[in-house]
Amino acid sequence: MATAQQRPGVVLVSMPWPLFNRPSIQLATLKAFLEQEGWPCRAYHLYLSLLERIGPQGYYALSQSSWLSEAVGAAALFKEMSGAAESLYRRLAPRHGLKKDYFPRLVAALKETVAAFLASFDPEGILLVGFSVCLNQLTASLYAARSLKAVCPQLKIVFGGSSCAQEMGRSLMAAFPFIDYVVNGEGELPLLGLVRYLAGEEPTPPEGVFYRRSGEILGGGCSQIDDPDRLPVPDFSDYFQDLTALAPSKRFFPIIPLEFSRGCWWGRCRFCNLNLQWRGYRLKSPQRLAEEVIGLSQRLGVLDFALMDNVLPPARAMDFFRLLAKEGRDYHLFCELRARHSLKELREMRQGGLTEVQVGIEALSTSLLRRLNKGTTAMDNVAIMKNAQAAGLRLHGNLITCFPTSTSEEVAETLEALDFVFPFRPLKAVSFWLGYGSPVFSQPKIYGLRRLYPHSFYRYLFPPEILQTLVPLVWGYVGDRRRQQALWRPVVVKARAWAEAYRRLRGQGPLLSYRDGGDFIILRQVLPDGSVHHHRLRGPSRRVYLFLESPQSLEEISARMSLASDRLLAFLKDLVAKRLVFAEGDRFLALAIRGVEGGA
1 MATAQQRPGV VLVSMPWPLF NRPSIQLATL KAFLEQEGWP CRAYHLYLSL
51 LERIGPQGYY ALSQSSWLSE AVGAAALFKE MSGAAESLYR RLAPRHGLKK
101 DYFPRLVAAL KETVAAFLAS FDPEGILLVG FSVCLNQLTA SLYAARSLKA
151 VCPQLKIVFG GSSCAQEMGR SLMAAFPFID YVVNGEGELP LLGLVRYLAG
201 EEPTPPEGVF YRRSGEILGG GCSQIDDPDR LPVPDFSDYF QDLTALAPSK
251 RFFPIIPLEF SRGCWWGRCR FCNLNLQWRG YRLKSPQRLA EEVIGLSQRL
301 GVLDFALMDN VLPPARAMDF FRLLAKEGRD YHLFCELRAR HSLKELREMR
351 QGGLTEVQVG IEALSTSLLR RLNKGTTAMD NVAIMKNAQA AGLRLHGNLI
401 TCFPTSTSEE VAETLEALDF VFPFRPLKAV SFWLGYGSPV FSQPKIYGLR
451 RLYPHSFYRY LFPPEILQTL VPLVWGYVGD RRRQQALWRP VVVKARAWAE
501 AYRRLRGQGP LLSYRDGGDF IILRQVLPDG SVHHHRLRGP SRRVYLFLES
551 PQSLEEISAR MSLASDRLLA FLKDLVAKRL VFAEGDRFLA LAIRGVEGGA
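Position 539 of the sequence shown, counted from 1, bears residue number 539 in the UniProt record's numbering, the numbering being contiguous throughout.
One or more hints might be untrue.
As a list, the in silico DSS-like pairs of lysine-lysine whose alpha-carbon atoms are at most 30 Å apart [to be verified]: (1) 494 with 99; (2) 99 with 344; (3) 79 with 111; (4) 344 with 250; (5) 156 with 99.
Simulated DEER-style distance windows between Cβ atoms [as the list claims (entries may be wrong)]: (6) 19 with 405: 29 to 35 Å; (7) 217 with 497: 48 to 54 Å; (8) 177 with 482: 39 to 45 Å.
For the record, the hints were derived by calculation from the structure and aren't laboratory data.
Fair warning: this is a prediction, and the values are worked out from it, not measured in the lab.
By construction, the Cβ of each residue, glycine as well, lies at the ideal position given by its N, Cα and C atoms.
Hey, can you work out the whole structure from these sequences and the hints?
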């Protein structure tokens with residue numbers, strides 16, 4: 001058996017098109033884990049090489065569209081598909097601010113990137129080359145893997161990542177013979193077992209890996225770490241080495257990705273397929289994650305971090321941010337949250353360095369939220385939008401449109417709610433897409449879907465014989481699509497107008513704010529047309545409004561303020577009519593934020 005010093009090495013590759021200013025958390029975690037176990041590892045972030053060729057603006061625009069990204073790789077991968085891939089690119093490019101005639105240059109840049117990698121690649125002492133294949137990386141990874149196999153046929157090619165989970169991974173092996181193994185699910189234990197197997201230290205391929213035997217694809221399963229605290233700190237050294245190799249004018253300060261948890265503690269959203277690679281929910285301790293942030297900040301000289309969790313664990317997240325707050329450093333952190341955090345909690349997170357959040361809002365209709373199985377209400381979503389603004393956080397969120405079986409009443413509720421959330425950072429209207437493995441995909445008849453098929457855009461990317469075998473990530477369906485598109489068109493138009501007005505008016509400060517005068521408050525309200533209205537509330541009116549900082553029922557307000565319900569309800573209805581208060585059922589929420597606090 002080889003000693004640790006004699007062991008062959010492992011090469012890991014991340015191809016375009018992830019966000020270029022973040023190292024691959026997948027490569028950094030696997031590298032640290034393999035080296036901890038005594039296996040040398042080098043991680044290549046080839047998207048940095050491509051970035052140097054096309055520049056950050058073009059790269060970023062491509063990375064925002066899976067179809068544009070995959071079209072570039074498809075043209076390199078299949079000569080016979082280059083014309084179709086370019087036609088798809090030309091169709092979609094204007095939506096992302098890209099020139100239609102830019103496609104040949106992008107394809108050439110990808111080919112140059114791969115050629116430069118192959119020219120510098122030394123296969124001596126390398127046991128396998130693994131490709132991390134996540135969103136936007138499939139065709140580029142296939143092109144690089146095939147090119148590498150052509151010049152180094154003895155090398156074992158391994159695919160893994162979220163785009164290789166379950167039957168997607170098995171189908172990739174069936175369609176592309178140059179892929180020798182596919183890791184299904186979490187990568188550490190299966191990849192370690194595979195390395196040991198290929199080195200002759202184990203008799204059979206490990207659980208969690210698809211492999212071939214006598215022309216048949218076998219294996220699969222799942223093997224994962226029980227306690228994430230046992231994992232080593234991710235090793236980003238190779239990313240920084242690749243970053244330093246860029247021309248000085250093209251270098252930048254990156255955002256470091258980290259994991260608090262794997263899986264999703266909620267895990268019930270019917271449209272979601274983000275947890276195909278996990279079994280169950282596991283998380284690190286707040287102390288361990290804080291140690292990672294502090295240590296990496298000091299070692300790498302960075303202050304910007306992104307927590308890659310599907311959603312943060314609520315209680316432990318608070319402990320984590322409290323630990324960071326004690327450090328007194330100017331951290332900037334991004335994370336994803338559910339819409340259940342109070343203003344007090346968000347302020348505490350802000351003190352610990354949180355500056356940017358993605359919130360799983362998805363809808364402003366409680367009926368539709370039930371249909372999506374979000375476990376939240378429209379009131380919850382409006383409250384988190386307000387609270388994020390008041391806490392000085394930059395909030396990102398989506399509005400899912402065209403969800404199968406959604407109703408005209410749900411569209412009407414959404415349109416009405418948009419009038420109330422106008423003062424806050426706009427949500428992005430996104431059309432529902434059917435992802436492999438999601439609950440809707442698994443139970444299509446419940447949602448009126450009569451037939452499922454690979455999304456029609458794949459016909460521009462893959463030859464027909466490949467598509468017959470491939471199980472892709474995105475699917476099309478026969479259902480009520482046209483009806484949904486007609487229903488939701490007013491929401492799409494209104495959301496676009498909201499974004500345009502917000503960009504135009506945000507320089508005026510918070511669009512709905514108040515100043516407290518002790519026994520009165522003055523509210524300042526900027527309307528979509530830019531006009532400014534002022535409202536003064538005195539005495540009991542002031543107290544009621546301030547009490548509505550968080551959602552309250554009519555009964556709770558009446559009891560706290562010792563006011564008759566009928567008079568109170570008339571007052572609240574007037575505030576609702578003026579879009580100063582949001583109401584749902586018998587619950588009410590004041591929308592204005594204190595003027596000195598907002599501005600995210």
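Hint check results:
1. With a C-alpha separation of about 27 Å, the suggested pairing of residue 494 with residue 99 holds against the 30 Å cut-off.
2. Between residue 99 and residue 344 the CA atoms are separated by roughly 46 Å; this puts the pair beyond 30 Å, and the hint is violated.
3. A C-alpha spacing of about 12 Å is found between residue 79 and residue 111, which places the hinted pair at or below 30 Å, so the restraint holds.
4. In summary, the hint linking residue 344 to residue 250 is not supported, as the alpha carbons are separated by about 40 Å, beyond the 30 Å threshold.
5. In summary, the hint linking residue 156 to residue 99 is not supported, as the alpha carbons are separated by about 38 Å, beyond the 30 Å threshold.
6. Between residue 19 and residue 405, the C-beta spacing of about 34 Å keeps the proposed range 29 to 35 Å intact.
7. Checked against the given bound of 48 to 54 Å, the beta carbons of residue 217 and residue 497, roughly 51 Å apart, stay inside it.
8. Between residue 177 and residue 482 the beta carbons are some 40 Å apart, a value that agrees with the proposed interval 39 to 45 Å.
Hint compliance for this structure: hints 2, 4 and 5 are not met, and every other hint is.
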